[in-house]
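Assemble chain B onto chain A, guided by the hints.
Keeping their order, the protein sequence lines are chains A and B.
For the first sequence, the positions run 74 to 210 when this note's numbering is used.
For the second sequence, the positions run 5 to 127 when this note's numbering is used.
Just so you know, the hints here were simulated from the structure itself, not pulled from any lab data.
Incorrect hints may appear among the rest.
Think about it this way: if two alpha-carbon atoms lie no more than 27 Å apart in a straight line, the pair counts; the simulated DSS-like pairs of lysine-lysine are [what the hints assert, rightly or not]:
(1) K90(A) / K181(A)
(2) K181(A) / K94(A)
(3) K122(B) / K137(A)
(4) K90(A) / K122(B)
What follows is a set of in silico ranges between Cβ atoms, one per label pair, in the way DEER data are often shown [to be verified]:
(5) H45(B) / F147(A): 21 to 27 Å
(6) F147(A) / I115(B): 43 to 49 Å
(7) D42(B) / V193(A): 32 to 38 Å
(8) L148(A) / G99(B): 47 to 53 Å
(9) R96(B) / Y116(A): 22 to 28 Å
(10) F99(A) / G99(B): 36 to 42 Å
(11) L119(B) / K94(A): 46 to 52 Å
(12) V20(B) / G97(A): 48 to 54 Å
(13) D42(B) / L148(A): 17 to 23 Å
(14) K95(B) / A130(A): 20 to 26 Å
(15) V20(B) / K94(A): 14 to 20 Å
(16) M103(B) / L203(A): 36 to 42 Å
A few chain B residues that don't get close to chain A, going by computed Cβ distances all over 12 Å [unchecked claim]:
(17) A39
(18) F43
(19) N59
(20) G64
(21) I68
(22) G99
(23) I100
(24) M103
(25) V104
Note that the Cβ used here is the ideal one computed from N, Cα and C, for glycine as well.
What follows is the residue order along each chain.
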Amino acid sequence: MVEVNKEMKEGITAWAKFYKKGMGYFAFAFHRLSGLVILFYLYLHYTVLSNLLRGQATYNAIVKSITYGPYDSFLVLDFLLALVIFYHGANGVRLALNEFGIGMYHHKALFITFEIIAMVLLGLFDYYALQFVGVGF
Amino acid sequence: MAEKEKMKYGSLNRFVQAVTGLFLLFFLGVHLYVAHIDFGHPVAFFSSVINQLHNPWWLGFFLIFVYIITYHGVNGLNHIIADTSISEKAKRNIGIALMVIYVITIIYGTILALLVAKMTVPS
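Just chain A, with the same shape it has in the complex (with noise of 0.2 Å):
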C-alpha cells in the first residue's frame, strides 16, 4: 500500500512502471488507465448520439463509418473498448468487495477469479456481437 501511496504521488506516468511491482500494482494501474479511456469514450459516446437530432440519414452514415472504419479497422477498436470494459467492470467488483469489508486478505485470488469470469463474459460478448454487428442498417 505503502508503494502504492509513493507511486500515486509520482504521477500517472508512473504506473506504466509495472516491472517487479506484482499483480497487486498491475490491477491498481490498469483500473485507472481503463477507467480513464472509458471516461473518454463516454463523451465520445455522447457526441455521436446528438448527431441523433440531424436525422436519419446523417446518424446513419455516421453510426456505419465508426463502426466499421477503413477495412472494417474500427472493430478491432470496438473489441479493445469491450475488452477495457470488461476488465475494469471486474476489478471494480472487487474494489467495491473490498470496500463493503469483503475479500480484503484474498486480493489476488478475488482478482484473478474475477478477471477469468469477466474473459469469459468477454468472449460470449464479443462472439454474439460480431454476428450481430450492423444488423437492421
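Chain B alone, transformed into the frame defined by chain A:
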C-alpha cells in the same frame, strides 16, 4: 479536525463510487445486450434508437444510466487527480470544474434524450 472531516468525506466518496459502480454492472449489462446483441434486433441505428426512446421506461432507464455513469466517471477522474502531487488549491479548483462538467453533462443528456424521444419514427 479538518483532516478528520476530509477522511470522512473521502470514505463516503469511495463508498458512493463503489455503489454506483455496482449499479453500472446492471445498467451497462442491459445496455450492451440491448444495443449489441438482442439476438437479431440490436439497437444501433436511427429508427431503433427512436423507437426505444419512445418507451417511457427505456427513457427513464437511459436517463438514470447517464446520471450514474457520468457521475462514476467524473468522480473517478477526481480520485485520480486527488492522488497526484499537484497543490491542494489546484485539486479543489479541478474538483469544482469537474462538478460543473457533471451538471452540464446531465442537463445536456436529459435535454437530448427528451428531444430524441419526441422525434417521429421515419416510415
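Each hint tested on the structure:
no. : hint                          : result
1   : K90(A) / K181(A)              : 19 Å, holds
2   : K181(A) / K94(A)              : 13 Å, holds
3   : K122(B) / K137(A)             : 24 Å, holds
4   : K90(A) / K122(B)              : 50 Å, violated
5   : H45(B) / F147(A): 21 to 27 Å  : 22 Å, holds
6   : F147(A) / I115(B): 43 to 49 Å : 29 Å, violated
7   : D42(B) / V193(A): 32 to 38 Å  : 20 Å, violated
8   : L148(A) / G99(B): 47 to 53 Å  : 38 Å, violated
9   : R96(B) / Y116(A): 22 to 28 Å  : 23 Å, holds
10  : F99(A) / G99(B): 36 to 42 Å   : 28 Å, violated
11  : L119(B) / K94(A): 46 to 52 Å  : 48 Å, holds
12  : V20(B) / G97(A): 48 to 54 Å   : 24 Å, violated
13  : D42(B) / L148(A): 17 to 23 Å  : 18 Å, holds
14  : K95(B) / A130(A): 20 to 26 Å  : 46 Å, violated
15  : V20(B) / K94(A): 14 to 20 Å   : 29 Å, violated
16  : M103(B) / L203(A): 36 to 42 Å : 39 Å, holds
17  : A39                           : 9 Å, violated
18  : F43                           : 7 Å, violated
19  : N59                           : 16 Å, holds
20  : G64                           : 17 Å, holds
21  : I68                           : 15 Å, holds
22  : G99                           : 16 Å, holds
23  : I100                          : 18 Å, holds
24  : M103                          : 15 Å, holds
25  : V104                          : 15 Å, holds
Hint compliance for this structure: hints 4, 6, 7, 8, 10, 12, 14, 15, 17, 18 are broken, all remaining hints hold.
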